[in-house]
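Going down the list, the sequences are from chains A and S. Each residue of the first sequence is one higher than the last, beginning at 2 in the working numbering. Each residue of the second sequence is one higher than the last, beginning at 92 in the working numbering.
Mixed in with the good hints, there may be bad ones.
[As the list claims (entries may be wrong)] Chain A residues, not near chain S, derived (Cβ > 12 Å throughout):
| hint | residue |
| --- | --- |
| 1 | 50 |
| 2 | 63 |
| 3 | 148 |
| 4 | 166 |
| 5 | 203 |
| 6 | 218 |
| 7 | 219 |
| 8 | 257 |
| 9 | 295 |
[To be verified] Computed Cβ-Cβ distance ranges for the label pairs, DEER-style:
| hint | chain 1 | residue 1 | chain 2 | residue 2 | range |
| --- | --- | --- | --- | --- | --- |
| 10 | S | 250 | A | 178 | 57 to 63 Å |
| 11 | A | 146 | S | 170 | 30 to 36 Å |
| 12 | S | 104 | A | 226 | 32 to 38 Å |
| 13 | A | 265 | S | 225 | 56 to 62 Å |
| 14 | S | 160 | A | 124 | 40 to 46 Å |
| 15 | S | 248 | A | 204 | 21 to 27 Å |
| 16 | S | 280 | A | 47 | 25 to 31 Å |
| 17 | A | 145 | S | 220 | 28 to 34 Å |
| 18 | A | 153 | S | 280 | 43 to 49 Å |
To be clear, the hints were calculated from the coordinates, so they are not data collected in a lab. Ideal Cβ placement from N, Cα and C applies to all residues, glycine included.
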Amino acid sequence: MTLEPMPLEPLAPEAPLDPVVARKIQGRSPWRLAYERLRRDRAAVIAFVVIVLVLLAAIFAPFFATITGHGVNQQFRGQPPGLTPEGLPIGPNHNFWLGTDDQGRDVLVRIAYGARISLFVGVVATLLTVAVGTVFGLAAGYFGRWVDTVIARLVDVVLSLPYLLFAIALASVYHADLAIVIIVIAFFGWASIARVVRGQVLSIREKEYIEASRSLGASSWRIMFVDILPNVLAQVIVYATLLIPVSILFEAALSFLGVGVPPPTADWGQMISEAQGVYQQAWWFFVFPSAALVITTIAFNIFGDGVRDALDPRVEGL
Amino acid sequence: MSDDILISADNVVKHFPVQSGSLLHRSKEVVHAVDGVSLEVRRGETLGLVGETGCGKSTLARCLARLFDITSGKIVFDGRDISRLNPRQMRPLRREMQMVFQDPYGSLNPRRRVGSIIGDPLAIHNIADGQERKRQVQELMELVGLHPEHYNRFPAEFSGGQRQRIGVARALALRPKLIICDEPVSALDVSVQAQIINLLSDLQDFLKLTYIFIAHDLSVVRHVSDRVGVMYLGQIVELAPVSDLYGKARHPYTTALLSGVPVPDPDEAATRHRIVLVGDVPSPIDPPSGCRFHPRCPKAQQRCVDTEPALVPRSGDSELHPTACHFPVAEGEDLTEAVPQISVADRVVEPTSSGGERP
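Chain A on its own, in the form it takes in the complex (with noise of 0.2 Å):
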């Protein structure tokens, strides 16, 4: 199938385009544009670079094992003491920086450890999550009618759950580990997020565009992800970051709950509920996991503003 060139007079309107300026023209797509706002938004910067460095001491958990002497799930009973001849948590001293929980392991390896935790649990369960509630509210949105009544009910249910009795129940029945209660988090978290999707495919699939792409031929499956889903996903996007805290705080809360990750794996929620006993003799045992779980939440929120943002420069930000 081959375009033989026609002669079109009225149709050669523009000049010819010098060839150095015709190389250049490369459409900055919207995307390009949000990043370019996102980047010159300091505050969004600075929460990205927190969000950096927690996901760094993440990655390099053992390198604090390795500076510090000091295993994750080392008890120090003998040399050095870890633990105050009366069993109490040490303070902050050279030996241990943050000082030691009560059973006498370092808590900054295991704030450390901690954040492998978190930050999985709140990236994989945000995924699981976002493309849960995203392939549901674009179904429902798109198909209409029966499939958009079934979802929508099925939304209402989930949503109408007491999510953190359901946890402990279902952590009772099944035994306690990082699967299930990612699946938890997601089970609990798709429904909103489908909510969202669907309003938008609603309006989104009555543009003149969609109509051409069915006349074009297009599958549903084709125009449900080619032409709908580029459209949608600057907001699914906006509500995954803000998720991710979310997750992170249901995680905690969950492992604060001990039906969330099972000791003695080290976890931010685990070690603020061990502190529990003793936090008025060990303040520190309390308040640095805390402050891990405070700085890695805010941090998200802030970059998640700022996403959002960025990619929807009509709304100011709050």
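Put chain S on the given structure of chain A with help from the hints.
Chain S only, in chain A's frame:
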């Protein structure tokens, strides 16, 4: 049926159900968007469709392109009955029949690059990919007067006229036999309209295309069409070769529409009798009885209320010029003087206040 006919519609009906009333007392009503339209389009010709907003011309176009399921009737494309095909069965036929849309802003996906938009039909039908697709897309861009270098731009970086060229290029990518243009120039400036119309007619000569051209601008339709159908409330009221329609229109509605076309010469404009129709277009949920135009027609009589006129040649017109009117307009007849002879209840009363409300 002769081989000459590319697409024909036989008594096509499209009703949209609407729900009204409260949650408990729900009444199902239907909008009679297209109500019994029959037409034939010959290969290589341009059939214009005109009518006011809401007369069903865009719905008819989407029915012919089978973007909508039709309520009843029959559509034959290239000798094949397509009225009951499902989307999967329609897919191969999409290569032969394309649409150009009205809104150059709404009809291009803002998140996709132009090259990907124009290449979409090639991708969907597995015609070409990679470098070959890019080459073909750039050829198409050249064909419609766009810079092939703009391949990687986004729709937002083009003007309205350029966007419409993108839409035309996309429609041409599959080398279709029929292109349905749904008000392709209504959203454009007049000077740009001319460019797009010239582009479409050049392409028609070059690629042997058949057009169904929808517009509400009578002068545009006159310029591009071989034959013109006038629609009112979901029906074709008059169908004629362009010279007949603009020379000796038979239907009072056509006459009224034509009298509203601006004339460039002010002297001629001053002497012209403009027919001002009373009232608004009635609701397509509950269309008037008999001839649907009777409440607004200056020539209406009791027969127009009682019986629906058939779309047949009137007053010695040729087979090519049917009109759906009991009392067709004679040549030289002045409708501004006409007085309808039907009871007041059936007729829109002349507005008494400047608000112009109907009783």
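> Hint by hint, which ones does the structure fall short of?
Replying inline: Of the numbered hints given earlier, those the structure breaks are 6, 7, 16, listed in rising order.
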